[in-house]
Amino acid sequence: MAREYEIVSRSRLRYMNIFLVRLISRTAHLHQEMELGMILEGSVTLHEGESHVRLSQGDIYMVSSLSAHSFLSEGPGALVLSVQLAPRYFAPFLPELQKLRYTGSPRLREHFAHDPAQYALFSFLLIETAYAYLQRQAGFEYRCFSLMARLFQLIKENLGGHLSFREEDRSGKEKTRRLLSITDYIEENYTHKILLEDIACREGLSMTYLSHLFKDSLGVTFQDYVKEKRFEYACSLIAGTQRKILDISVSSGFSDVRYLTRMFHERFGCTPREYRRSAQMPSRKQPSPLHSSQYFMTPEDSLQLLAPLRAQSRHAVKDLSLSAFL
Numbered sequence: 001m002a003r004e005y006e007i008v009s010r011s012r013l014r015y016m017n018i019f020l021v022r023l024i025s026r027t028a029h030l031h032q033e034m035e036l037g038m039i040l041e042g043s044v045t046l047h048e049g050e051s052h053v054r055l056s057q058g059d060i061y062m063v064s065s066l067s068a069h070s071f072l073s074e075g076p077g078a079l080v081l082s083v084q085l086a087p088r089y090f091a092p093f094l095p096e097l098q099k100l101r102y103t104g105s106p107r108l109r110e111h112f113a114h115d116p117a118q119y120a121l122f123s124f125l126l127i128e129t130a131y132a133y134l135q136r137q138a139g140f141e142y143r144c145f146s147l148m149a150r151l152f153q154l155i156k157e158n159l160g161g162h163l164s165f166r167e168e169d170r171s172g173k174e175k176t177r178r179l180l181s182i183t184d185y186i187e188e189n190y191t192h193k194i195l196l197e198d199i200a201c202r203e204g205l206s207m208t209y210l211s212h213l214f215k216d217s218l219g220v221t222f223q224d225y226v227k228e229k230r231f232e233y234a235c236s237l238i239a240g241t242q243r244k245i246l247d248i249s250v251s252s253g254f255s256d257v258r259y260l261t262r263m264f265h266e267r268f269g270c271t272p273r274e275y276r277r278s279a280q281m282p283s284r285k286q287p288s289p290l291h292s293s294q295y296f297m298t299p300e301d302s303l304q305l306l307a308p309l310r311a312q313s314r315h316a317v318k319d320l321s322l323s324a325f326l
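Count the sequence shown with this note's numbering and you get residues 1 to 326, in order.
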């Protein structure tokens, strides 16, 4: 997912993308898909608008489509199961999903406090859908669709008071279109000199309006957004290549290598070279999660990680007399 406006890859199903990711940080971004996620290990803070929610193992979160959000973890990072769904592909059967907006806390557990059995079922449905999707046995498409339909039923039954099914008005759609155009342009040009003035001219907006649009929508300033993009890219090059630090600094869009070095001291308490030595230790098969903002698991590794969790969730559902969903 290279772009901050994520174009989610749905190589297995047109309407769905599911993956496991070891997450340290993810800069503010938005995508057309609604996102359901479950923290499998560790903890992470989800930032969405003015909301800042700490998510721990077993927590499930939900983010509406086109809602700007970011993640930040500490220590070794969090293992996250992410299910991204394109509501428009459910339109023939569940047309209201295209208008769905969730207005409650991203942390869903609190809405199921009255009925833990429903939360156990919700967890089971997420894990079972992910396992079917990644295993890809014959008929998995039907299994995934039926599981998600039941999950949407649980959402409506338990979160109904926090759901809105209104369409964006014309001004809201135009604001979203502009924001997507801007973040797409930044993704393609952040390694070069890029100025707020240039984008304002390109979009036919005043610099003041554009600055407020960016801060209000993504929660960060334009300068900080671009800086984070450059820093993430520099981290990946330092950890994964032997290129000179000065060369990487220039390639990432930093005009002064001293500024990049200062950022490493602030974030990791080390120099870029120390960061590289730690990330490329021979004893590691891949860089430690501490040295990558996010590391996506292969389908094979994901299935291996999900297998014991799947067994636990199936037992939980069975113990709660919900075995009809197995």
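Calculated from the structure, these hints are not laboratory results.
Glycine included, C-beta positions come from ideal geometry on N, C-alpha and C.
Treat each hint with caution, since some may be false.
Said to hold, decoys possible - Straight-line Cα separation of at most 27 Å, DSSO-like style, residue types lysine-lysine; simulated pairs:
(1) K227 / K244
(2) K175 / K227
(3) K193 / K175
(4) K215 / K173
(5) K244 / K193
(6) K215 / K244
(7) K193 / K215
(8) K227 / K215
(9) K173 / K156
(10) K193 / K227
(11) K193 / K318
As the list claims (entries may be wrong) - FRET-style restraints, in silico, Cβ to Cβ:
(12) S278 / S43: 19 to 27 Å
(13) G269 / D224: 17 to 25 Å
(14) K244 / F268: 13 to 21 Å
(15) E141 / T221: 39 to 47 Å
(16) V250 / E203: 26 to 34 Å
(17) T45 / K244: 29 to 37 Å
Of all the hints given earlier, name the ones this structure violates by number, lowest first.
6, 11
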